[in-house]
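For the protein sequence lines, the chains are A and B, in the order given. Position one of the first sequence corresponds to residue 1 (our numbering), numbered consecutively onward. Position one of the second sequence corresponds to residue 1001 (our numbering), numbered consecutively onward.
There is no bait here: all hints are sound.
Computed list of lysine-lysine pairs in BS3-like fashion (alpha-carbon distance at most 25 Å, straight line): (1) B:K1145 with B:K1155; (2) B:K1059 with B:K1127; (3) A:K114 with B:K1312; (4) A:K139 with A:K182; (5) B:K1080 with B:K1171; (6) A:K229 with A:K191; (7) B:K1312 with A:K140; (8) A:K114 with A:K83; (9) A:K139 with B:K1405; (10) A:K83 with B:K1312; (11) A:K90 with B:K1312; (12) B:K1080 with B:K1059; (13) B:K1312 with A:K139; (14) B:K1046 with B:K1059; (15) B:K1312 with A:K137; (16) A:K140 with A:K182; (17) A:K140 with B:K1405.
Examples of chain B residues toward chain A, derived with CB under 8 Å: (18) Q1308; (19) K1312; (20) Y1317.
In short, the hints are calculated from the structure, not lab data. Cβ coordinates follow ideal geometry from the N, Cα and C atoms, glycine included.
Read off the chains here:
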Amino acid sequence: MIEAKNIDFYYGDFHALKNISMAMEANTVTAFIGPSGCGKSTFLRLFNRMNDLIDGTRLTGECLVDGQNIYSKSIHVDELRKKIGMVFQKANPFPKSIFENVAYGLRVNNMGDKSFIRQRVEESLAAAALWDEVKDKLKKSAFELSGGQQQRLCIARALAVSPSILLMDEPASALDPISTSKIEELIHSLKKDYTIVIVTHNMQQAARVSDKTGFFMLGDLIEFSDTKKMFLSPEKEQTQNYITGRFG
Amino acid sequence: MTSSTDYTYKMKHLRRIIERIVESILTVSGAITSIAILLIVVFLFKEGFGLFSSPSVEKGYVLCVNADNTIEHLNPYQIKKIFDSEIENWKELGGADEAIALFRFEEIFNHYSDEELGEEYSLLPEKLGEVIAQNIGIIAFVPEKYAPKDINGVKILPIESITLSDFFGGKEWMPTSTPSPQLGVLPLILGTLLVSIFAIIIALPLGLGVAIYLSELADERTRKILKPAIELLAGIPSVVYGFFGLVVLVPIVQKTFDLAVGETALTGSIILAIMALPTIITVAEDAMRNTPRAMREASLALGATHWQTIYKVVVPYAASGISAAVVLGIGRAIGETMAVLMVTGNAAVMPHSLFEPVRTIPATIAAELGEAPSGGAHYQALFMLGCILFLITLIISITAEVISKRQPNKGL
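Here chain A stands alone, though its shape is the one from the complex (with noise of 0.2 Å):
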């Protein structure tokens, strides 16, 4: 269960994001859509703090997980990021082997011992549908996988640390389209153990893979509502002209 109350975000003087409020709730899929620079991203990367990397950024507002905010002092933001799973747009795997790709979050958490990493690497690789393709080369290093599997890599490294929610910035917008069917299916398949929110320039793909989706545009949230309702009678006419792809 993740809320956000009233959010504002800077970039030093730039208004990202404009007063946003939204829920989504456990176990469903919510799509974020937008042209390039609505912000998003930036709303996306509120949740597990990844903005506090930027220098000069501001943000007020609630952001909420489970009721509690994730922006008080009491929050250990290491802890935080282990519950809030994150893949990136483009796939990122370590310089290391296959196997430590998965294991590294497990190790930095200091969370079980070997067999109960061999274990989960296990769990996590084939819960990411990659299992049989790389089982016999859990050695090799990790780039010597296709792009499509390395961003399922990606993910399966994501899925170890066993969190509860998944934000996912536009993880198939440097694949192929089968790759990005197989992201497509996994996402479809994860949804009854997490928490997902995906954001993606691809309105098919937010139509396909979502339950609800956020509409921005320059800062703002347009629309928020069930996928369907969405792309079949939205009710704002900027949602509207963008679906029937009229701009973005």
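With chain A's structure known, arrange chain B on it following the hints.
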């Protein structure tokens, strides 16, 4: 109208000619530079390798022994020991049990008057022969011009060249010793390695620490001030570092370790470490900053702390750049001359500890080339040292090149 097109045409033509001239100037200067570099290397090696055809005894002199002496040849080290009276009996060299009697050329004038030696010393070789023939244990060091050739009872030891093992295996560097200069470079090579390696041991953790601080921890403003300041350090002339070392470091080392002299290998290492730091810091910092943002974010997003991200992702990713930094630092340390010359005490002896004076290869060349007679064995030996140094630094540069070209993702 015609005159204007004519003018444009001429301008174009002129420009083309100028371009051609500039082009050829650049080509020629490139060629000249390459040839110059090649010539320097060829010259270095030609002079250096001349050493191995130089006689092991001072030029123009020979050693003579009694004809009954069974010794057939002596190496430079044995000759030196004999004339230093450290070997006093032929049996130590595998000869007969006979005390060694040293005979230097000047002593002939104690035995014979000028008249007896004849006009223009024409009888000198003969008289030398008499002296040598009378004493079975004698070894005489005489000018080739007056050598008692073809005289019964005298054996002139054959003139031998300096060998590779004399040079690379010799433990004594005494190029001005007579009759046989000692040109063993082992103490110099070991001195160089000792000072350089210890310098790297000091500089590496420090440099890496500062590089990590600069690239990962320091805020933008600190970095903008600190980095140029560190780069500036690389530009300070080495003699200034040497001066600083001599005035500040030497007394500190002497007091801290309660030594007789403060000019030690350790002092040299510290100065070299300070000098290598800017290189190590700059190169390593660049490598770490080149770690893609996506790598750091991936690590942080998995719940890794800032520090875990640094040592589990950033440092391994930058490993090849960091190794290149180390190798470049070593290169700087090995070739450094002036500062080391000023603070290491320059005793050309086999180094036993860090707290003794040592002498490095570059310091030796700088200190001695001025007084080595051109073309002599000493001079050639210094060139040979230059060759060794050249090869070491060449290997280091190639290593650095290879390492820094290696793709980071092939690391594991």
